[in-house]
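One letter stands for each residue in the lines below.
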Amino acid sequence: MAEERTPGFNTLAIHAGAKPDPATGARATPIYQTTSYVFDNVEHAASLFGLQAFGNIYTRIMNPTQAVLEERVAALEGGTAALAVASGHAAQAIVFHTLCQPGDEIIAAKKLYGGSINQMGHSFKSFGWNVVWADTDDLSTFEAAVSPRTKAIFIESIANPGGIVTDISGISEIAKKAGVPLIVDNTLATPYLCKPFEHGADVVVHSLTKFLGGHGNSIGGIIVDGGTFNWSAEGRFPLLSEPRPEYHGIKLHETFGNFAFAIACRVLGLRDLGPAMAPFNAFLFLTGIETLPLRMQRHSDNALAVAEWLTQHDEVTWVSYAGLPGDRYHNLAKRYSPKGAGAVLTFGVRGGHEAGVKIVESVELFSHLANIGDTRSLIIHPSSTTHSQLTDDAKVASGAGPDVVRLSVGLEDVEDIIADLDQALKA
Amino acid sequence: MAGLVSHHTYSDAEISGILNSVRSVAIVGASLKDVRPSYFVVRYLIDKGYAVFPINPGHGGETLLGRTVYASLADVPEAIDMVDIFRGAEHAPGIVDEALTLQPRPKVIWMQLGIRNDEAAAKAEAAGLTVVMNRCPKIEYGRLSGEISWSGVNSRVLSSKKPVLRPGFQHRGLPGT
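The listed protein sequences derive, respectively, from chains W and Y.
So for the first sequence, the working numbering puts the first residue at 1; every next one is plus one.
So for the second sequence, the working numbering puts the first residue at 1; every next one is plus one.
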């Protein structure tokens, strides 16, 4: 490879992290289905445990198949390093475990994936991490939420389920002023559509389960380190800036520099909390990512065609998709997600809750299930499923009111997708 | 070797060329404390087969990982191919001056990640030495060999060639070796 060329996104999606296997020459990344790795000798083992040498110890902490996935996603996002874990939720738990002590605060967008609202609002509370909700449509609410205990701001680049596009750089300025990292969940956009690091994010997280894997076959998550944040500036992130007793007094930021956050998440969070990814799942994610650019473009093109068709339908009261000209988020989409607005859209159905339930039960091609980012087209009525544990007010606030139907538009022929929705809306 | 034109970027070929050409490395500012980054670098370069000479004025005559610590570059009894500066940038000119008095002269002055001193670099280059600044030889070796990729780090290296295996477990070499 010519040294001075910066490879393009399609090339990285196929090649980043994946050289031929040095032992066998295998060109596809082998599945290293092993728990552990032999040491050269006692000294070698000690240097691995002490983080002095690079190398594999135990698959709860690292695995060569998983490492290819990590480098691949880090390269696609433009980050310095990454850590893959068992799920998107595990990624978030580890990120905040690395940043927060009991009594600390996280400012989070109030329109998030329902699972994230539950995780932050309930489970994190039992760790003593308190969430302060803010509104991405009014950035002053983020500024007003900053306190001396704030340790991070958390947003989604494209929010689920509402089709909301977030002003990442506007919120990044608030995070920089507050001296805290901006964490962006880039699951719905993927780095093909949006690269949050280019807009001031410090850490990116993904549910790999969705579009990166893309085939609805594996659960996984990943944390990507942007390498931009100074963890030692004010002593507010002691796991990174202070000597770690479990590693004989190493200061992780001093030692690992611009990939210290990914290392801290691995050697403290993942090592001690334990949500490791299965090597086989890492292989499936790698295979999926090779076609990410092709898939995301087709997802976006199909979703736009479906959204345009829905706006003309008598049974549809509104359509929320940032790819539609005239959508309130269209200008933000043109700025942050110019190649397309992704696969996920919501629409309102005439007749409210009952009509929403009827549609999801009448579809034949769409699958009624709680996921997004499959090759197959997916449908759900959030109010009765993903967001059913929220109060009615919270449902509306998070974009999951009673009449809302969410689609994850798949890769089938768009005529077939539209025909199925048409028969379900008429049923 | 000719002077590297820009000190903002170095090509992978330039860096692996340097790391493949040197065998003995003096590390100025090597710490005897096993949690310091300079100790990590000493250990890693020893593991990679380099002849490493730790330099630390406060610990001359002591031993670090089986190697004698020298108080100054001039005390090292063997030829030094590369001087790795693990001190603040303000110390670089003095260290370069000292390196230029050595016979034979080192071929490479390397300043660690975060350390850059253009004046010292210009002086060394004028004397025919190659200069690298603001890089870590451990990270660069790990990046180019692929070892750092085991930690999920973006090596920025794409290749359809097999990585180089070295004797010993989990031990890789640089391309072209």
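Incorrect hints may have been included.
One-sided and incomplete, this derived list gives chain W residues near chain Y with beta-carbon spacing under 7 Å [stated by the list, open to error]: (1) K19; (2) E70; (3) D104.
Which residues of chain Y face chain W? A few of them, derived with a C-beta cut under 10 Å, are [stated by the list, open to error]: (4) N20; (5) V35; (6) L100; (7) G114; (8) R116; (9) S145; (10) E147; (11) S151; (12) G152; (13) S160; (14) K161; (15) V164; (16) G168; (17) Q170; (18) H171.
No lab work stands behind these hints, which were simulated from the structure alone.
Just so it is clear, CB atoms sit at the ideal spot from N, CA and C, and this is done for glycine as well.
Hints and how they fare:
1. With its C-beta approaching chain Y no nearer than about 5 Å, K19 (chain W) sits inside the 7 Å limit, and its interface hint holds.
2. Annotation: E70 (chain W) was flagged as interfacial toward chain Y, and the flag holds, the nearest CB pair being 3 Å apart, inside 7 Å.
3. Nearest Cβ of chain Y to the Cβ of D104 (chain W): about 26 Å, over the 7 Å cut. The hint is violated.
4. Taking 10 Å as the C-beta cut-off, the interface hint given for N20 (chain Y) is violated, the closest approach to chain W being about 15 Å.
5. Because the beta carbon of V35 (chain Y) sits about 5 Å from the nearest beta carbon in chain W, less than 10 Å, this interface hint is met.
6. Annotation: L100 (chain Y) was flagged as interfacial toward chain W, and the flag is violated, the nearest CB pair being 29 Å apart, outside 10 Å.
7. At a threshold of 10 Å, the smallest CB-CB gap from G114 (chain Y) to chain W is about 8 Å, leaving the interface hint in force.
8. Below 10 Å, beta-carbon pairs count as interface contacts, and R116 (chain Y) has none with chain W, the closest being about 15 Å; its hint is therefore violated.
9. Satisfaction of the interface hint for S145 (chain Y) is found here, the shortest Cβ-Cβ separation to chain W being roughly 9 Å, below the 10 Å cut-off.
10. For E147 (chain Y), the interface hint holds, the least distance from its beta-carbon to any beta-carbon of chain W being 4 Å, beneath 10 Å.
11. Annotation: S151 (chain Y) was flagged as interfacial toward chain W, and the flag holds, the nearest CB pair being 6 Å apart, inside 10 Å.
12. A distance limit of 10 Å between C-beta atoms decides the matter here; for G152 (chain Y) the minimum to chain W is near 3 Å, and the interface restraint holds.
13. Interface hint status for S160 (chain Y): upheld, as the beta-carbon distance to the closest one in chain W is roughly 7 Å, under 10 Å.
14. For the restraint placing K161 (chain Y) at the interface with chain W, the shortest Cβ-Cβ distance is roughly 7 Å, inside the 10 Å limit, so the hint holds.
15. With a cut of 10 Å, the hint placing V164 (chain Y) at the interface with chain W holds, because the nearest CB-to-CB distance is about 7 Å.
16. The beta carbon of G168 (chain Y) is positioned within 10 Å of a beta carbon in chain W (closest approach about 5 Å), and the interface hint is therefore held.
17. At its closest, the beta carbon of Q170 (chain Y) sits 4 Å from a beta carbon of chain W; the interface hint therefore holds under the 10 Å criterion.
18. Given hint, H171 (chain Y) at the interface with chain W, holds; its Cβ is 7 Å from that chain's nearest Cβ, closer than 10 Å.
Comparing the model with each numbered hint stated earlier shows that hints 3, 4, 6 and 8 do not hold.
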